[in-house]
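Trainee: Please put together the full structure from these sequences, using the hints given.
Using UniProt numbering, the first residue of the sequence shown is number 1, and each one after it goes up by one.
Don't take each hint at face value.
[Stated by the list, open to error] Listed next, the in silico BS3-like pairs over lysine-lysine satisfying Cα-Cα at most 25 angstroms (straight line): (1) K129 - K92; (2) K186 - K129; (3) K92 - K81.
[Stated by the list, open to error] Estimated spans, in silico, between C-beta atoms of each pair: (4) E406 - V204: 37 to 43 angstroms; (5) T201 - A52: 45 to 51 angstroms; (6) A52 - S338: 30 to 36 angstroms; (7) G298 - Q343: 25 to 31 angstroms.
These are calculated hints, taken from the structure and not from any lab test. Every residue gets a Cβ at the ideal spot worked out from N, C-alpha and C, and that includes glycine.
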Amino acid sequence: MLVVFALVLLALVLFATERFPIDVTAILIMVLLMVLEPWTQVSAREGISGFANPATITVLAMLILSTGVNRTGIVQLFGRKMAAFAGTDRRKQLAATIGVTGPVSGFVNNTPVVAILVPVINDLAHEGKTSPSKLLMPLSFASMLGGTLTLIGTSTNILASDIAAQLGAESPGLGLEAFGMFEFTKLGVVVFAVGSLYLMTVGVRLLPERIPAEEDLVQEYALQEYLADVVVPADSSLIGQTVEEALGDDDLDIDVLQLLRDGEYFADPLARKEIREGDTLRLRTNRETLERIIEAEGLTLVGSPRTEEDFHQDGDDPVLVEVVVPSGSFLVGETLASSTFRQRYDANVLAFRTRGDVVRDRFEAIGIRVGDTLLVQAPPDSLTRLVENEDFIVAHEFDEVSYRSEKVPFAVAIIAGVVALPALNVLPIVVSALAGVVAMVFTGVLKPTELYSSVEWNVIFLLAGVIPLGIALQQTGAAALLGDAVASTATFLPAIGVLWVFYLATGLLTSVISNNASVVLMIPVAASAAQSIDANAFAFVLAVTFAASTAFMTPVGYQTNLFVYGPGGYTFSDFIRVGAPLQFLLSVVTVLGIAFFWGVRA
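Mentor: Here's what the structure looks like:
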């Protein structure tokens, strides 16, 4: 048992510090559980059982189904209708953001919904003369609230349902079984309504305006001191060299963004472009390096771009955009240098926003994490490739992206079938979801080659890795020991008070580690505590599930928060200021709702 507690502690530390990607940490814990079988009681078969677990397969299928829906453009269509409705009225903009995002997130996995809507809401804000900071955090929060409406709203719900079914099979006295499709919808509606009301009244006043309504990316990232235009004189040693030969040394920390020659602008790829007398080079570098290169090469400083408009001379010029790194991106864990990002996409990175801090120079060797935002200069064709790539979330909408709008009826019908069949007890959710995937391929909503790129494999490996940890907690008696310890609070707290303690503990835990990991760790403990105090185990499982799905206090508590962290210009404290009161409010509402709908006593 002590070995299991040590592994739980190790997992918590690694999840919280992000020393390794969370999926790698999960697999590490899985391997250690199997290696230490005499003490963990997790056999090799049980250790890898997470890969065949119905929850893992269901989440995999739902991610594919969500991609199919997104490929039709129906979510973007809702977003544009929302923009037309809202106009420049800030209250309407916020109401439309919440009103569209929440219900959609109940039926399409909320993570891809936010990824799709970030550019839509960003553009809605700018066109409506509103700071994106006022809308992007509510976008993420609304998706989390909407995820509580149905079983398939989040991967957390699906995983919690499977854990409950396993516990019910092992201990029939608990009275636990898999959740129904709409089993907790009535509570979800209450939570969504209260959360929406908070965002519309209190939250809107607490939200900062980090990004100006009239956004200029050069000014937002304070790049004026890091951009310069220099002219190459006749006696410069740079003449005759290619851009890469002259200025490609990594130690220089210089990017050549544009080259002006005889009135014509050239952008990436510039590496093999030969420098000539009279060329004007637009550089990104720091002042110290600029002064050094000017003195060494005799270059003439002729000015620097002060606004975004200075980058756009005609329609074919490179565009400045923000690019968010989602979970599952090949960039996670890489650096800009090791990923060869510039060479792959003919795009320059001008600045780098990570966890609220903006880095404007020497960022080539910084490790990239989920939620990091890159300020990218890219030509239109490269931009289209970035928009269509699942490895990136481009935080602005572009008309060049094509959707399979003719497949909308098929996608809607398939999702309706996936929801209806389990709800009517015709098929288990895992079978229904897999059938939906097959149907999407047969109807042309998705191409067969898109199936694998649709899956966030880090989520799948995370689930597969943490599920055996729950098995170890249960089989070694660790969950029962922890449950009894928490149940001891029943000597001075009523059962509903113990239920509230579990909600708060799960919420705090989820604020620093993965929500799925929180569910795996807390549900067995909660069920054991409920049994010890003769309480309703389902009520305790539901409290843990809702708490893990509504972690608003930190940007790392839920990955949709990371998606809006950079584009909204937020700081860590912004999430605490807006999210902490909401999380506390919902802890009370959820616990009282559970007591009202299902009761706390067995």
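Trainee: Give a verdict on every hint.
Mentor: Results of checking the hints against the structure:
1. K129 - K92: Measuring from Cα to Cα gives roughly 13 angstroms; hence the hint holds.
2. K186 - K129: It is violated: about 36 angstroms lies between the C-alpha atoms, which goes past 25 angstroms.
3. K92 - K81: Judged against 25 angstroms, a Cα distance of about 12 angstroms means the pair holds.
4. E406 - V204: 37 to 43 angstroms: holds (39 angstroms)
5. T201 - A52: 45 to 51 angstroms: holds (46 angstroms)
6. A52 - S338: 30 to 36 angstroms: holds (34 angstroms)
7. G298 - Q343: 25 to 31 angstroms: Roughly 30 angstroms apart at Cβ, these two residues keep to the hinted range, so it holds.
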